[in-house]
Amino acid sequence: MSFLGFGGAPAQPSEAKIAAAEAELDLVTDMFNRLVDNCHQKCISKSYNEGDVNKNESLCIDRCVSKYFEVNVKVGENMQKLGSSGAFGGR
Amino acid sequence: MDQLNQREQQDFQRIVEGKQMKDFMRLYSNLVERCFNDCVNDFTSASLTSKENTCVLKCSEKFLKHSERVGQRFQEQNALLTQQMRR
Amino acid sequence: MADNKDTAKVPEVKPAETKVAVEGKAVEVPAAAANGANGANGATAATTANAKINPPKPKGYTNPAFQAMGIPVLRLPSRNWMIFWAVTSGLIGGVLYDKYQQSQIRSKLCERVAKYGAKPLGPNQLSRKITIYIAPPPDDYLDESMAIFRKYVKPILNSGGVDFQIKSENRQGVIRSTVAAEIRELRRNILENEENLIKLQNEQKWYNRFKSYFKSNKPTKEKIEALESKKFTDDLQMQNVLGVYYNNIHKDDPIKSEEVDIKDPTLQGGVLCIGRGAYKEYLHGLHEGLLGPLEKPLDHREMEDFNKSIEPPVVTSIENVESKVENNVETPVDSNTSVSETSVSENKDGSNEQSEQSEKSNDETSENKENDENSEDKPEELPIPKPFISTTDYPNSKLAPELIKYLNFNQKIPTNSQISPFFQQPIAVIPVFFLQGFLNFPIRLYRFYTRRYYTEEYGKLTVALVENQTRSFNKETDLNFALDEELEWPKKWVDRAKERQSEWVQELTVDDRVLNKLSVYDEGYLK
Numbered sequence: 001m002s003f004l005g006f007g008g009a010p011a012q013p014s015e016a017k018i019a020a021a022e023a024e025l026d027l028v029t030d031m032f033n034r035l036v037d038n039c040h041q042k043c044i045s046k047s048y049n050e051g052d053v054n055k056n057e058s059l060c061i062d063r064c065v066s067k068y069f070e071v072n073v074k075v076g077e078n079m080q081k082l083g084s085s086g087a088f089g090g091r
Numbered sequence: 001m002d003q004l005n006q007r008e009q010q011d012f013q014r015i016v017e018g019k020q021m022k023d024f025m026r027l028y029s030n031l032v033e034r035c036f037n038d039c040v041n042d043f044t045s046a047s048l049t050s051k052e053n054t055c056v057l058k059c060s061e062k063f064l065k066h067s068e069r070v071g072q073r074f075q076e077q078n079a080l081l082t083q084q085m086r087r
Numbered sequence: 001m002a003d004n005k006d007t008a009k010v011p012e013v014k015p016a017e018t019k020v021a022v023e024g025k026a027v028e029v030p031a032a033a034a035n036g037a038n039g040a041n042g043a044t045a046a047t048t049a050n051a052k053i054n055p056p057k058p059k060g061y062t063n064p065a066f067q068a069m070g071i072p073v074l075r076l077p078s079r080n081w082m083i084f085w086a087v088t089s090g091l092i093g094g095v096l097y098d099k100y101q102q103s104q105i106r107s108k109l110c111e112r113v114a115k116y117g118a119k120p121l122g123p124n125q126l127s128r129k130i131t132i133y134i135a136p137p138p139d140d141y142l143d144e145s146m147a148i149f150r151k152y153v154k155p156i157l158n159s160g161g162v163d164f165q166i167k168s169e170n171r172q173g174v175i176r177s178t179v180a181a182e183i184r185e186l187r188r189n190i191l192e193n194e195e196n197l198i199k200l201q202n203e204q205k206w207y208n209r210f211k212s213y214f215k216s217n218k219p220t221k222e223k224i225e226a227l228e229s230k231k232f233t234d235d236l237q238m239q240n241v242l243g244v245y246y247n248n249i250h251k252d253d254p255i256k257s258e259e260v261d262i263k264d265p266t267l268q269g270g271v272l273c274i275g276r277g278a279y280k281e282y283l284h285g286l287h288e289g290l291l292g293p294l295e296k297p298l299d300h301r302e303m304e305d306f307n308k309s310i311e312p313p314v315v316t317s318i319e320n321v322e323s324k325v326e327n328n329v330e331t332p333v334d335s336n337t338s339v340s341e342t343s344v345s346e347n348k349d350g351s352n353e354q355s356e357q358s359e360k361s362n363d364e365t366s367e368n369k370e371n372d373e374n375s376e377d378k379p380e381e382l383p384i385p386k387p388f389i390s391t392t393d394y395p396n397s398k399l400a401p402e403l404i405k406y407l408n409f410n411q412k413i414p415t416n417s418q419i420s421p422f423f424q425q426p427i428a429v430i431p432v433f434f435l436q437g438f439l440n441f442p443i444r445l446y447r448f449y450t451r452r453y454y455t456e457e458y459g460k461l462t463v464a465l466v467e468n469q470t471r472s473f474n475k476e477t478d479l480n481f482a483l484d485e486e487l488e489w490p491k492k493w494v495d496r497a498k499e500r501q502s503e504w505v506q507e508l509t510v511d512d513r514v515l516n517k518l519s520v521y522d523e524g525y526l527k
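Residue numbers (UniProt numbering), protein chains in the order written: chain A, 1 to 91; chain B, 1 to 87; chain C, 1 to 527.
Among the chain A residues that face chain B by a calculated CB cut under 10 Å, a handful are:
1) Leu25
2) Leu35
3) Tyr48
4) Phe69
5) Asn72
Listing some non-contacts, in silico: residues in chain B with all C-beta distances to chain A over 12 Å:
6) Val32
7) Asp42
8) Phe43
9) Thr44
10) Ser45
11) Ala46
12) Ser47
13) Leu48
14) Thr49
15) Ser50
Computed Cβ-Cβ distance ranges for the label pairs, DEER-style:
16) Glu50(A) x Lys205(C): 53 to 63 Å
17) Lys74(A) x Arg471(C): 43 to 53 Å
18) Val71(A) x Phe36(B): 25 to 35 Å
Honestly, the hints are just simulated from the structure, not real lab data.
Just so it is clear, CB atoms sit at the ideal spot from N, CA and C, and this is done for glycine as well.
Throw the hints in and build the complete structure from the sequences for me.
Below, the structure written as structure tokens:
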């Protein structure tokens, strides 16, 4: 699947394929929503002085998104490692 | 996503449009809640004061611009990620 | 009589009286015992009389007010303790004063730039981005230069809302080769675009259209389907998926930098070099890119083929093995802790030897990444490409023909990001002072206690960078940026480098044609 790069899916009946694509879409939008919430919490001040996002906040947002993705990747790798080594409670 | 043929693509397209609308609704209610939490703290009168009014306006504008910016960066990062995965 | 005197001074207190009286007696008795041997009765009489008339002063200070409040008699500690506390508090006080002054200066400069950071930025705009080239001090690690960047430059950049990308190096020559490679790529892109334009114009001509009509080959059904599915996935961008773009008029706005509308290239972006080595390499890289050829020169390619035919991918020659061993011994490696775009920390000295080895034509960084994925242990040391044009050839070569028409007529050079390329952006240089040696200890101590002067100097330069105050390059003075740092480089390192003919100890050879186009950040207006 193309979105988060979770490897290519083998040939499946069409409903299953559509369901898988839909699930991936859900994952992506969920990740986006969490990202918006978290970066808003960390980067933008609550005392709304003006209606525009200023430069410092914009830079903060850019870096927040970049770091979030890095964390995503690293956690994924760690989970794979833990899962394969069986230290994760035998899942 | 690459393995979907013509008919599947059409179905999926419809699903995507429906989801986008749902996500938009979710965004709207989230925004309302956020601006209410941040701006409105004084319950001595039944209607919004002018200060709260301006605060809500600014809050919603800022949040939407913030969302758009995050969306742009999200797309860039996603593209980078899929490029790396495909390599 | 002694008692009367005491009561005159200290009317109420009895313990003092008795103490004095006791002391008077105590003085009296040993004096008498001592003088008994001498047998000078007058003397004893005199001392005892003295003791009675002038009783020894009580140690410490007190007065009626203090006594009323219950504060005990205040005494200074002994002479030795006094010396100890004086020295310790002097040293610590110096450090604390310096730190306090540093933070004051830093916050004052940050406040000055804060107004630039408070300006609004649209969701489709990218803020101004400067490029920072960081080189470590000779014979040492990159962390020193990074610490200078973090302490003196980064707070002001962040406060001013200026984005930055860091390009660092651990060995000599990396900065030069990347700068030259980027300029060459820009030139190649311009050349390609021009050729495509000419091709398109040719195709539009009627005889070519006539020809192509008869030559059409229709694609097969599978190809069409594959193309369409690819188009589907390409179109499925975030703009069609995320809720925030539903019915949003800004859906398809292009992303561009905020500086796109500025015509003057000296007001866009910026380049900051940290370290004399970085500055030298940057200038040499500029010259190599602008004056040098687009393709690798023939003698390099010959050397490369020669080496390829002899050496298999696994290293067999003695020199390579030796340097590999040296690398294994000297590198304190942890590749996971690298910050984005900074490479692994190593000893510069050991890696110099391998950089003189065989050259390859591939881009170094991409190969490094591949090697990182392949080898579990330390990444392989790839040799740095030699300069495509040596410094002695500068007067004989032509300024990049692809760029001449843009440069001469002040037209904007077309780049991917639509702002002017980095070699037109102004330069700022920050030295990295790093004295080594036992005998230099007093100077190092003095510098440790006066770091506030550095904060001020480098901070003002960064403020000039944020505020875009520039002047054109002045050949007499501006080639000597950070020269003080070079004069302090450890002699032994310099001698060894001269033997190996490393890059940093070469003279800074420049060409006027390139220097005319450069500009420099000037902080003179701040004083």
